[in-house]
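Protein chains in written order, with this note's numbering: chain A, 320 to 591; chain B, 468 to 595.
These aren't lab readings, by the way, just hints derived from the structure by calculation. Model, not experiment: these values are computed from the prediction. Careful: at least some of the hints might be erroneous.
To be verified - Distance condition first, Cα-Cα at most 30 Å in a straight line; then the derived DSSO-like pairs of lysine-lysine: (1) A:K503 with B:K509; (2) B:K509 with A:K418; (3) A:K535 with B:K473; (4) A:K389 with A:K535; (5) B:K507 with B:K594; (6) A:K503 with B:K473; (7) B:K498 with A:K535; (8) A:K549 with A:K379; (9) A:K500 with B:K594; (10) A:K535 with B:K495.
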Amino acid sequence: MGVDRREFLKIAGYATLFGLGGKAAIDILAPGELEASMEGIPLTQGKRWSMVLDMRKCLKQQEAGKDGCKECIIACHREHNVPDWGNPMHAIKWIWQDKYEHVFPDTPNQFIDEGVRHKPFILMCNHCFNPPCVRVCPTQATFKRDDGIVSMDMHRCIGCRFCMAACPYGSRSFNWGDPRKAPKELNPDYPTNPAYPERSMGVVEKCNFCVELVAKGEFPACVQACDKIKVNALNFGDLDAPESNVRKLLREHYTIRRKPALGTEPNLFYII
Amino acid sequence: MYDGGKIIIGLIIGIGLFLSPFFYNAGKAAKAPDPQLTEKAKEAQVCVGTKEYMRESHFSLLDEWRHTAVRDGERYYTAYNGKKYYKSLQVTCMDCHSNKTKFCDQCHNYLDVDPYCWDCHIVPEEKK
């Protein structure tokens with residue numbers, strides 16, 4: 320019984336040889352297949368929903384009011400029963416605001432234009448053309464639809480939070496508590512939309528580009544709210560159609576996207 | 468057998484305790500579930516499937532609905548009678564069957580199944 324030194328070295332040697340030959344053997348038997356499975360998910364062709372945010376109009380409206388304008392955020396949270404926990408660590412973010420410097424950290428400038436410096440920008444899921452969250456999801460609970468929307472299937476989410484680690488934009492939030500137990504004083508009329516479900520504790524959620532409204536042929540709730548107050552800063556449209564509203568805006572304005580160097584191809588464009 | 472009397476008495480007490488629930492419930496059948504229809508459901512007369520199909524396979528239908536609606540974006544269902552329905556437990560099913568305790572829970576409790584639909588989907592308010 321037992322493996323002596325000589326025996327061990329022999330086994331180690333054979334194992335190394337086999338290991339070196341492994342990939343070559345696969346290449347001979349099934350050329351290209353290993354590479355194909357390493358490439359990840361195929362990118363869906365076809366329509367591509369996107370949004371162009373005209374921050375000039377948005378910031379103007381925010382400065383007009385005393386407490387700034389939060390119409391889009393309110394509308395979204397009402398539509399999707401997003402609770403307010405009153406604690407930034409537990410915040411559920413579908414659409415939210417952050418300073419310009421935090422939104423576009425890869426363009427630092429000590430002497431930045433006063434027009435954007437510390438200004439609150441509107442943020443939501445970028446519905447990336449090449450979404451890293453989808454690649455890492457072990458249950459395919461998050462997936463990219465044929466129309467480009469990165470959607471969530473809450474029934475499948477196991478709360479592993481790989482997607483939160485993968486998303487470079489912080490667009491995903493974890494439900495640390497049951498949304499129904501969110502503080503009542505902060506959510507007096509919760510649930511606000513009886514036609515939309517809530518979530519349970521332990522799932523990840525994010526902006527879904529209002530798939531339920533888009534299916535009905537309506538604009539997302541944030542866009543509707545912005546149009547309602549006649550600011551029209553949020554423009555939702557199909558990037559795949561050359562004559563769409565978003566393509567027209569992109570042709571006529573200089574736009575920037577968040578962290579483009581990462582290659583996720585965000586579908587949210589900012590006019591500043 | 469040493470202490471035979473004590474052992475036998477102990478056994479009788481033990482078996483008696485074990486069987487006591489059977490004696491306690493003897494002759495009483497558990498109440499069979501009796502799902503109630505709301506006025507609205509009675510009036511509508513038809514559901515998205517036949518009564519037999521819904522009774523036996525509503526969970527398969529709901530599973531198919533959630534899959535096709537969420538993942539494939541197909542949000543309308545053509546019923547056996549050609550009528551179109553919006554695929555939604557919360558909006559379509561619970562619109563007619565708004566009495567969850569008297570409609571859903573009766574059988575679910577009887578069969579001891581605990582579907583997690585209501586962890587997220589909102590139950591319509593019931594009038595007492």
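Hints, one by one, checked against the model:
no. : hint               : in the structure
1   : A:K503 with B:K509 : 37 Å, violated
2   : B:K509 with A:K418 : 56 Å, violated
3   : A:K535 with B:K473 : 78 Å, violated
4   : A:K389 with A:K535 : 25 Å, holds
5   : B:K507 with B:K594 : 14 Å, holds
6   : A:K503 with B:K473 : 62 Å, violated
7   : B:K498 with A:K535 : 44 Å, violated
8   : A:K549 with A:K379 : 12 Å, holds
9   : A:K500 with B:K594 : 23 Å, holds
10  : A:K535 with B:K495 : 53 Å, violated
The structure shown violates the earlier hints numbered 1, 2, 3, 6, 7 and 10.
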